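Visitor: Sequence:
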Amino acid sequence: MLVLGAEEIDLYDAFGMVLLAGGGEPIGRTALQKLIYFCCNSAANIENADFAPQYYGPYSAKLSVVMERMFSCGYIEQIMRHGIQYDVYHYKLMDNGARLANKAKSQHPEDYLKIGDIVKTCDDMVEPLAPKLSYVSKIHYISKKQKARTPDKISLHGMRYGWNMDIALVREHWPLFEKFNEKCQMNPITH
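Under my numbering, read the sequence shown as residues 1 to 191, first letter to last.
Please note that a few of the clues may not be correct.
[Claimed, not checked] Pairs of lysine to any residue residues, derived as SDA-like cross-links and limited to a Cα-Cα distance of at most 25 Å, are as follows: (1) K179 x K103; (2) K144 x K105; (3) K62 x G74; (4) K103 x F71; (5) K92 x E110; (6) K105 x R69.
Keep in mind the hints are simulated off the structure, nothing from the lab. Only a predicted model underlies this, so the values are computations on that prediction, with no experimental measurement involved.
Sequences and hints are given; from them, build the entire structure.
Guide: Laid out in structure tokens, this is it:
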């Protein structure tokens, strides 16, 4: 529930709290975008990240700037892994970043619990996280924007965003979508 007068969590703090909730394990750039997308749709007081459709699902340019600034200031470590087709970037908190994230956690304990709940939803997921989170975030985005409530309608509306939403893949990801959607319904945001 949005608490009137409550201090809004900026994207720097939200980003740090997601990494903190991840238990110190590196999290990939795409997975972070999607986790924060879900956090912005469930934790009431997170700054609007202006998510828009992009190839891998909802994407925030503002959040990309946050990642780069936190890296350049030494708050997070950027780990690059060379892939077959492209390089993959993962992030984890450095000591200074962990201090800031813990401070944000203490200032926003209820929202940190919501963020932790979103991150925990991924605990049972088989790696890699990014493709699953990308697909599920696309389903959620379409569901929210188009009021589509069935896999068939999600698949149909996906073309509107340039997303190939194969009906079999939508159905495969539907149970995970329902888990995330339930968390968003508990505390819906209209960003």
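Visitor: Would the hint linking K103 and F71 be met if the CA-CA limit is 25 Å?
Guide: holds, 18 Å
Visitor: Next pair to validate is K144 with K105; report whether the Cα-Cα distance is within 25 Å.
Guide: Since the Cα atoms of K144 and K105 sit roughly 28 Å apart, the hinted pair is violated (cutoff 25 Å).
Visitor: CA of K62 to CA of G74, is that 25 Å or under?
Guide: holds, 19 Å
Visitor: Is the Cα-Cα distance between K105 and R69 25 Å or less?
Guide: Since the Cα atoms of K105 and R69 sit roughly 20 Å apart, the hinted pair holds (cutoff 25 Å).
Visitor: Check the hint pairing K179 with K103 against an upper bound of 25 Å on the C-alpha distance.
Guide: Violated - the C-alpha atoms of K103 and K179 are around 29 Å apart, more than 25 Å.
Visitor: Taken at face value, is the distance from the CA of E110 to the CA of K92 at most 25 Å?
Guide: Status holds; Cα separation ~23 Å.
The structure is inconsistent with the numbered hints 1, 2, although it conforms to all the rest.
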